[in-house]
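Engineer: Each chain, written out:
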Amino acid sequence: MTDAELNHLVKMANQIASNSATGNAEEAALAVASHIERFWAGAMRDKICGQLDQVSDELSPTALAALTRLK
Amino acid sequence: MLEYFDPRNDIDPERDYGTAAPSTDPVPTGDLVDLVVDGAKVRVPDGTSVMRAASIAGINIPKLCATDSLEAYGSCRLCLVEIGGKAGYSASCTTLVEEGMEVSTQSDKLGRLRRNVMELYISDHPLDCLTCSANGDCELQDMAGIVGLREQRYGDGGSNHLDDMPDGSNPYFQYDPAKCIVCSRCVRACEQIQGTYALSISGRGFASRISAGQGQPFMDSDCVSCGACVQACPTATLTEKTIIATGQPDHSVITTCAYCGVGCAFKAEMKGDQVVRMVPWKGGRANRGHACIKGRFAFGYASHKDRITQPMIRQSIDLPWRNVSWDEAFEFAAGRLRSIQAEYGRDSVGGITSSRCTNEEIYLVQKMVRAAFGNNNIDNCARVCHAPTGFGLKTTLGESAGTQTFDSVEKTDVMLVIGANPTESHPVFGSRMRKRLREGTRLIVVDPRRIDLVKSPHAETAYHLKLLPGTNVALINALAHVIVDEGLEQAAFIAQRCEREAFDTWRTFIGDSRHSPEQTEQYTGVPAEDVRQAARLYATGGNAAIYYGLGVTEHSQGSTAVMGIANLAMLTGNIGREGVGVNPMRGQNNVQGACDMGSFPHELPGYRHLSGDPVRQQFEEAWGVDILPEPGYRITNMLDAAVEGSLKGMYIQGEDIAQSDPNTQHVEAALGNLECLIVQDLFLNETAKYAHVFLPGSTFLEKDGTFTNAERRISPVRKVMAPASGLQEWQVTAGLSRALGYAMDYDHPSEIMDEIAALTPAFGGVSYDRLDREGSLQWPCNEDAPDGTPIMHVEAFVRGKGFFALTEFIPTDEKVTEQFPLLLTTGRILSQYNVGAQTRRTDNVAWHSEDVLEVHAQDAQDRGIENGDLVSLSSRSGITQLHVKVSDRVQPGVVYTTFHHPETGANVITTDNSDWATNCPEYKVTAVQVGKPIGASTSEWQQKHARFSETQIALLDRQGEAQ
Ligand code: SF4
Ligand code: SF4
Ligand code: SF4
Ligand code: FES
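Top line first, the protein sequences correspond to chains A and B. The opening position of the first sequence corresponds to residue 81 in the working numbering, with each subsequent residue numbered one higher. The opening position of the second sequence corresponds to residue 12 in the working numbering, with each subsequent residue numbered one higher.
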């Protein structure tokens with residue numbers, strides 16, 4: 081069974097990443113991490129961070145960098 | 012000698028001064044004029060009529076065709092006066108004051124003249140005063156008394172209109188031409204106040220009559236049933252049917268409309284505890300005495316037979332409901348929530364509040380969730396409409412709110428309306444916009460569909476930038492690009508008021524040619540030259556104001572678009588004074604308030620993030636509990652978690668997410684998975700069909716509280732009748748909280764407001780006492796701004812310096828494909844409200860009995876579809892079937908519908924795409940296909956939904972059995 085909630089979280093993280101692009105990868109990852117910290121429920125963050133290996137292929141580099149920070 | 016001065020702003024809203032105060036735009040010269048009326052000295056501003064000056068001195072000159080909501084017309088000649096040094100008699104309503112003027116309002120000769128006028132009127136008027144519906148509220152009768160009419164010498168034999176037939180086609184009011192005195196107040200009200208131009212006077216002299224449209228019944232004309240003409244009519248000619256049925260009211264209470272974000276003030280006119288008429292209150296600063304069909308007429312739902320007034324519970328949703336006492340309902344609900352939390356953890360329950368509820372109710376629910384549920388899983392339906400406004404304006408300007416008053420439009424030279432349809436969704440403000448447009452203000456509309464404002468009667472031609480759905484950000488960027496490219500920005504304002512570094516970065520970003528209208532045309536479909544002209548007009552046309560709505564926010568880049576809008580305003584210095592600004596048009600009545608009250612998973616009241624220790628501690632101390640420093644679930648996340656199985660209990664106050672939220676089948680799956688769903692509502696709505704506990708709600712007529720409208724105006728809602736269920740909503744929340752072990756002891760909502768004021772700086776100066784005294788207050792209202800704040804960001808931005816955010820355009824994932832080649836966008840219409848739960852239970856259905864799909868003729872032809880055909884509408888989310896209206900309002904490739912009726916289920920079609928920053932759903936863009944219906948008249952989902960609905964209604968009817 082595919083996990084619809086996880087898929088949705090991946091999509092959301094990627095969306096935040098593409099909307100936070102500044103030209104500087106480091107800065108962008110920081111911005112995404114801070115956005116997720118401020119606006120996501122802990123359970124959502126834990127869920128995606130807990131299965132990061134599984135979804136890393138589907139995450140954009142910025143989203144992955146941000147979530148790795150939050151792990 | 013007695014002396015009187017025009018009190019200007021301090022007029023008595025209960026009086027009719029005959030003519031309006033002179034306009035303040037252009038700004039009055041400030042010249043005051045002295046005159047003498049019947050021996051009393053009066054000083055009034057230049058431009059005042061003699062009638063108004065006399066009225067200010069307490070002298071009411073007889074009148075029929077004049078009333079102070081309309082321009083003087085001078086037709087009835089009842090208001091004649093003598094003016095020293097002038098021969099003959101002058102109509103005081105059309106004569107303006109002059110320095111040193113001496114006016115006499117009474118003399119034998121004037122008395123005779125007035126009696127003659129009255130006699131003529133009465134000769135063609137039925138003399139059935141005692142049984143007339145206007146008896147007790149008829150200006151003709153009053154004037155006959157005042158002028159001392161004692162005889163009527165014309166006899167009954169002459170030609171007259173006494174046999175003219177009434178027109179009762181409008182469900183709310185009747186037109187009885189036999190009683191018409193052709194004063195034209197109705198015609199002027201329709202033109203000047205409402206701006207619809209539905210009425211005219213046909214014929215001349217004795218034959219002249221009022222005519223709706225081309226001599227049609229009212230319902231077949233352009234009339235939008237705002238009721239302005241009914242209110243203006245001095246006789247029984249235009250009268251509310253409720254008054255005809257029940258008679259005149261015996262008392263009245265001032266309250267606030269519970270429908271849209273305009274927040275109109277009303278006098279609820281009562282007979283005992285029954286509302287007989289809602290009259291927009293002249294003293295209301297949001298509406299200045301005007302209203303729309305919903306607020307004025309659609310209150311019948313409050314006493315509709317479908318209302319549920321008893322608490323009910325059931326073990327599971329396939330069982331009949333059981334009526335129980337309030338206490339039993341609270342115990343049952345609390346017991347379930349607690350056992351869910353014991354089994355699945357503290358985070359397994361959450362709450363949703365509605366923007367239809369009062370500030371006090373919403374505050375209380377978020378308090379209950381934080382204090383009694385012990386988590387931050389609290390969200391508000393603003394999530395699905397204006398969450399991006401909160402995010403975008405907070406980021407750029409520093410405060411999550413509109414910057415202006417509605418009055419500000421009177422100083423606006425250019426209106427830029429993006430993704431909003433004010434004449435349908437915010438009708439009273441729409442009328443004010445139209446009035447300003449007739450005065451010459453220029454208009455730019457950015458919308459995929461032609462809204463009515465584009466073709467306002469007697470207004471200049473508007474720019475209509477017909478973009479493709481989903482390309483707002485590209486278009487807003489293009490506007491900014493042109494302004495920078497052509498050097499039209501306000502450099503001094505930016506240097507003084509905005510963050511330097513951020514601006515420089517943004518300037519480089521926006522200057523890139525990828526944002527030019529020539530390059531963005533490929534996405535938006537709007538010709539580059541049109542964008543350039545509109546940008547020039549916005550930047551250089553004088554005071555420019557942006558009005559935007561859900562057509563901006565409900566996109567995958569909703570927050571980005573809001574930031575782009577704020578950038579435009581800062582770039583051109585159009586912020587911080589009257590006539591300009593950024594104005595989010597709020598959908599429901601209390602969207603602003605619901606956001607202010609902290610019913611968000613990441614914010615405490617007053618938009619303060621709960622990770623901030625000092626703020627959180629302040630609330631922890633006041634409430635005596637620990638508050639989690641981490642955000643909870645948003646609505647969308649709650650639904651995902653429910654489908655996945657980690658969220659098991661929900662408390663939903665006044666929202667119908669099974670109808671209003673996108674991707675209905677996903678919502679239904681979530682609701683069906685819950686072990687405890689508590690719904691508080693007036694009716695067994697779509698969501699309640701999945702509930703285990705039903706707590707009956709109270710209408711806005713049954714409770715005390717406050718609403719905050721789109722201008723941050725806090726207005727009182729007053730209880731005019733006892734709650735049908737015995738409890739007001741706040742008492743219900745307090746009861747549930749008590750059962751959960753967290754006591755809430757309030758005796759009155761005013762105490763809840765006192766708590767809000769004590770904990771929220773922007774509300775520090777707000778109290779029920781002050782609201783009673785002042786009518787309404789605009790926040791921030793505190794020590795720094797004791798009288799409230801009409802215009803924000805005047806000296807500096809709330810965040811200090813304005814912040815130019817980068818707004819890269821990222822096309823939505825929702826793209827047209829071969830399978831789904833059209834774009835669906837959704838909206839609302841005037842007569843219905845949101846999911847329609849209220850308006851569908853009133854005579855408003857006469858205007859909109861079903862949701863229809865607007866399709867361009869080209870697309871219809873390609874598919875062999877004709878006007879009125881039943882079609883299937885499908886997306887990757889689902890299929891529904893509805894009727895087609897072929898319309899040139901939409902462009903080829905775009906289709907449009909509304910979401911007021913559950914049977915249509917427009918949200919079966921919408922997807923779970925959402926705004927990147929806030930998860931506000933992307934209602935406005937869905938790739939769809941339209942085709943011939945598939946077999947039956949309804950889709951599979953519609954059939955399933957109908958069966959489920961039927962079962963649930965049967966379980967409601969069978970409730971007696973189970974007891
Ligand atoms: S309908 Fe009423 S307001 Fe209109 S002209 Fe007749 S009397 Fe005057
Ligand atoms: S109800 Fe409103 S729109 Fe209709 S005729 Fe009267 S003023 Fe005009
Ligand atoms: S629905 Fe809106 S515009 Fe209409 S009366 Fe109510 S608040 Fe005013
Ligand atoms: S009130 Fe002045 S002419 Fe009618």
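Quick caveat, the hints were computed from the structure, so don't treat them as lab data. All of these numbers come straight from a predicted model, not from anything done at the bench. Hints may be right or wrong, so weigh each one.
[As the list claims (entries may be wrong)] Pairwise CB distance ranges, derived in the manner of DEER restraints:
(1) R118/A x E631/B: 14 to 24 Å
(2) G346/B x G103/A: 33 to 43 Å
(3) Q131/A x I964/B: 36 to 46 Å
[Unchecked claim] Below, simulated SDA-like cross-link-like pairs (lysine to any residue); rule was C-alpha separation at most 20 Å, straight line:
(4) K127/A x Y355/B
(5) K730/B x Q285/B
(6) K151/A x K730/B
(7) K91/A x Y355/B
(8) K127/A x S657/B
(9) K127/A x L639/B
(10) K252/B x D231/B
(11) K826/B x S98/A
(12) K91/A x S888/B
(13) K127/A x G356/B
(14) K127/A x E655/B
(15) K91/A x D923/B
(16) K91/A x R887/B
[As the list claims (entries may be wrong)] Okay, the calculated bits of chain B under chain A, using three or more residues with CB under 8 Å as the criterion:
(17) 610 to 623
(18) 626 to 636
(19) 640 to 652
For each residue, glycine too, the CB sits at the ideal point set by N, CA and C.
Engineer: For each hint, tell me whether it holds in the structure or not.
Structural biologist: Outcome of the hint check:
A beta carbon spacing of about 20 Å between R118/A and E631/B agrees with the range 14 to 24 Å that was offered as a hint. The given range of 33 to 43 Å is broken by G346/B and G103/A, whose C-beta atoms sit roughly 56 Å from each other. Checked against the hint of 36 to 46 Å, the pair Q131/A and I964/B passes, with Cβ atoms roughly 43 Å apart. Between K127/A and Y355/B the alpha-carbon distance is near 16 Å, which keeps this suggested pair within the 20 Å criterion.
For the hint linking K730/B to Q285/B, the alpha-carbon distance of about 12 Å falls within 20 Å, and the restraint holds. Proposed proximity of K151/A and K730/B is contradicted: the alpha carbons are some 52 Å apart, above 20 Å. Note on K91/A and Y355/B: the hinted pairing is violated, with a Cα-Cα distance of about 26 Å set against a maximum of 20 Å. Among the hinted pairs, K127/A with S657/B is consistent with the structure: their alpha-carbon atoms are about 11 Å apart, no more than 20 Å.
A hinted pair counts as satisfied when its Cα atoms are at most 20 Å apart, and K127/A with L639/B qualifies at roughly 18 Å. Of the supplied pair hints, the one linking K252/B and D231/B holds, its CA atoms being roughly 18 Å apart against a limit of 20 Å. In summary, the hint linking K826/B to S98/A is supported, as the alpha carbons are separated by about 17 Å, within the 20 Å threshold. Between the alpha carbons of K91/A and S888/B the distance comes to roughly 17 Å, so the proposed pair stays at or under 20 Å and holds.
Distance restraint check for K127/A and G356/B: the Cα-Cα separation of roughly 15 Å lies within the 20 Å cut-off, and the hinted pair is therefore satisfied. For the proposed pair K127/A and E655/B, the alpha carbon gap of about 12 Å is at most 20 Å, so the pair holds. Of the supplied pair hints, the one linking K91/A and D923/B holds, its CA atoms being roughly 11 Å apart against a limit of 20 Å. Under the criterion of a C-alpha separation no larger than 20 Å, the hint pairing K91/A with R887/B is consistent with the structure, at around 17 Å.
Given a C-beta distance limit of less than 8 Å, the hint that chain A covers the segment 610 to 623 of chain B holds, as 4 residues qualify and 3 suffice. With a cut-off of 8 Å between beta carbons, the segment 626 to 636 of chain B has 0 residues touching chain A; three or more are needed, and the interface restraint is violated. Residues of the segment 640 to 652 of chain B with a Cβ under 8 Å from some Cβ of chain A number 8, which satisfies the need for three, so the listed coverage holds.
Of the numbered hints given earlier, the model fails hints 2, 6, 7, 18; all others are met.
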